[in-house]
Structure formats: C-alpha cells, structure tokens
Amino acid sequence: MGHLVPLLCLKRFQQAGHKPVALVGGATGLIGDPSFKATERKLNTEETVQSWVDKIRRQVAPFLDFDCGSNSAIAANNYDWFGGMNVLTFLRDIGKHFSVNQMINKEAVKQRLNRDDVGISFTEFSYNLLQGYDFASLNRMHGVELQIGGSDQWGNITSGIDLTRRMNQQQVWGLTVPLITKADGTKFGKTEGGAVWLDPKKTSPYKFYQFWINTADADVYRFLKFFTFMSIEEINALEDEDKNSGKAPRAQYVLAEAVTRLVHGEAGLEAAKRITHSLFSGSLSEMTEADFAQLAQDGMPMVEMDKGADLQQALVDAELQPSRGQARKTIASNAVTVNGEKQSDPEYTFSDGDRLFGRYTLLRRGKKNYCLICWK
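Using UniProt numbering, you'd call the opening residue of the sequence shown number 1 and step up by one each time.
Wrong hints could be hidden among the right ones.
Said to hold, decoys possible - With a cut-off of at most 27 Å between alpha-carbon atoms, the simulated DSS-like pairs for lysine-lysine come out as follows:
| # | residue 1 | residue 2 |
| --- | --- | --- |
| 1 | Lys-273 | Lys-367 |
| 2 | Lys-329 | Lys-368 |
| 3 | Lys-273 | Lys-368 |
| 4 | Lys-11 | Lys-243 |
| 5 | Lys-182 | Lys-225 |
| 6 | Lys-187 | Lys-225 |
Stated by the list, open to error - Between beta-carbon pairs, the in silico distance windows are:
| # | residue 1 | residue 2 | range |
| --- | --- | --- | --- |
| 7 | Ser-281 | Cys-374 | 20 to 28 Å |
| 8 | Asp-217 | Gln-297 | 24 to 32 Å |
| 9 | Val-100 | Trp-154 | 30 to 38 Å |
| 10 | Ala-216 | Ala-293 | 26 to 34 Å |
For the record, the hints were derived by calculation from the structure and aren't laboratory data. Beta carbons: idealized from backbone N, C-alpha and C, even for Gly.
All chains should be built: construct the whole structure from the sequences, respecting the hints.
Okay, structure coming up:
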C-alpha cells in the first residue's frame, strides 16, 4: 500500500500533461535498499526479483495511460543498464563521482553505522550509487527531470540529482511524498491481520474494500484528498453533507468505491460490493464461486472440515463456540445460521445441499461472528 501515493502522484502529473516513467528495480531489487531498515536485507535470486518486476508492471498498468500520445507512460527496468555493466565501469564511471564522506553522513546510512550489532555491508552501502545512476540514466535516455518517491528516499534522490549534474550537465529535481499516518498516530496500510496489499492475490478486493470502509471519521476526508481524484470542492461539500445529515457518514463508501475501482477495476469493485451486501442481508444467492474464494483467502475466519461433520462440531472447529455443549445451547436458542438460514436443530448434520459450489458453507453465530467452512 505504501506505493499507492507515489503512483497516484505520477498519475496526477500525467493528467497535467507530463510524461511519467515508472521505474522497476530489476537490478536494485537484487541488492536491497538499506534506507531506514534496522537489519541487512536478505538477498533474493534473479528469478524472484524478475517475478516481482513482472508483478509490479501489472500493478502499475491500471494507474497510468501507456497509449495516450505524446505523454504516454513508459515502464523502465534498471536491469537494462546495470545488467551488462562490469565492476570496472561501475567504479570508474559512477563511483568516482561519489564522496564516501557524504554517503556516510546520510541519515539512513548513519543509523546503521551507529549500531555495533548490525552495521552495513558494502553491498547495501552501494545502493545509493545505483539509485543515483538510475536518475542519470533516465535523464539521458528519456529526458526525465523530476524523480518522485517516498520521504525515506530523499538521500537517494539527492544523490541522483548531484550525479546527473556531474555526468549529464543537466539540472534535475526531486519530489518526496510523506509517509501517511492515521489520526491516532499509527502507520497507514496496516490492519490487525497485517499489511494491506495492492496485489489481489495477497489482499482480496473484498478485504481491500473493507479496509477503506473502516476508515476512521478523523481520517476519511484527508484520505479522499490523497487517494482519489475528487476536487477539494467536492470533498468539502461531502464533509458538510455528512456533518449535517444526522446519519452515518457517506464518505467512507465514496472512498472505498473510488480506490477499489482504481486498483481492482469495475469487476473487482462489483465483487466486493456484492459480497458485502450478501453478508449484510444474509442472502447468498448472488454470490459467485469466486466470491467465496475471496472470503476463503482473507475475508473471514476459515476452517477446513471433512464431510460428515455435524453443526455442533463445526461451531467448535470454527471457534465460534468453546465446546459441543455450548454449541448445542447456542443452536437451540436460534442464534446460528447456515448459509443465511436459521438452524435450531442441535442434531443438525450437513448435507450436500449445504455445500455451495460443492465446497463452501457459511456459518454465523449471532449477528457478526462468521466462519467459512471449506469442505475437503
């Protein structure tokens, strides 16, 4: 999620007529950026990094227009200029322009050098040179004049500005976007279940949509400015409407729809809304097999069970009740639903009809306690 603000910044520049170049680190990914990392990064294989490059290219595609004439976006890979470079060329043509005195005074490096238990390897120490040369290369090849990155990249960006001036005799600039935090001071993009990702294989569109729906009132109007393309006037009008409506604010739904549509497309948004509506209404008739797969991925607690299990055991295995005895009482009190239908028979055993798409059964205890059974 941390890449979302810089990506949207690129998109805003493209909308203003500029030509964006999205750089993926096919080479630098093999090294690892030490910026503000407490320990040395684990080195990854070329195959792993190449798979990341392919994924990042796919993730960037929805944000930028690669076919709009003179300011069509470009996707560049720094392995193209580093892959064939030998160490002598690197040291003579790039290394000679960098002062070690200045490099060790950069805050990201200084933090690591001051820790006796960790330190920094020459490999990660050299990362600053690689990213600096990226800027010089993009300036030479594509006329890039502005580099955009997170605030933790300031040291690397300024190195690129200096190197471009020395190698290309060109003046270039850097722009950093701040680390987004929530009103309570916690880091944006984290939930109790971990990080929220742009990749639908890591965070389903439904879970992604729910993340935005659950935005705090204290954050939502600020986030609309960061993560949508609504005008300031539209956001202010929505805020006034919410304050004066006497109802639950509409802003979270506007935010969730806009960002989910941007990241996952219209189909992803419709699936997320369909799942949300089905769970709220208790009617599962509109849900597709792919919708259930999203829930199984990360949408709610999930348990795998063998066929032949009864409802009491399912509640225990799903951790909706601590024991069969308590499960029996809960079922008898009419507080359990199976696929949206109330079930009050304590001796109930699941049938093939309960296994939607031959595999899924949705349990609910009370109003909000869900678990999805995936039958083996």
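Checked hints:
The suggested pairing of Lys-273 with Lys-367 holds, with an alpha-carbon distance near 19 Å, which does not exceed 27 Å. A C-alpha spacing of about 18 Å is found between Lys-329 and Lys-368, which places the hinted pair at or below 27 Å, so the restraint holds. For a cut-off of 27 Å, the pair hint linking Lys-273 to Lys-368 stands: about 17 Å separates their Cα positions. For the suggested pair Lys-11 and Lys-243, the alpha carbons sit about 31 Å apart, so the restraint of at most 27 Å is broken.
Of the pairs offered as hints, the one joining Lys-182 and Lys-225 holds, with about 14 Å between alpha carbons and a cut-off of 27 Å not exceeded. Simply put, Lys-187 and Lys-225 have alpha-carbon atoms about 18 Å apart, close enough for the 27 Å limit, and the pair holds. A hinted range of 20 to 28 Å holds for the C-beta pair Ser-281 and Cys-374, which are about 22 Å apart. Between Asp-217 and Gln-297 the Cβ separation comes to about 29 Å, which falls inside the hinted range of 24 to 32 Å.
Distance hint for Val-100 and Trp-154: a CB-CB separation of about 19 Å, inconsistent with the stated range 30 to 38 Å. Checked against the hint of 26 to 34 Å, the C-beta distance between Ala-216 and Ala-293 comes to roughly 30 Å, which is consistent with it.
Comparing the model with each numbered hint stated earlier shows that hints 4, 9 do not hold.
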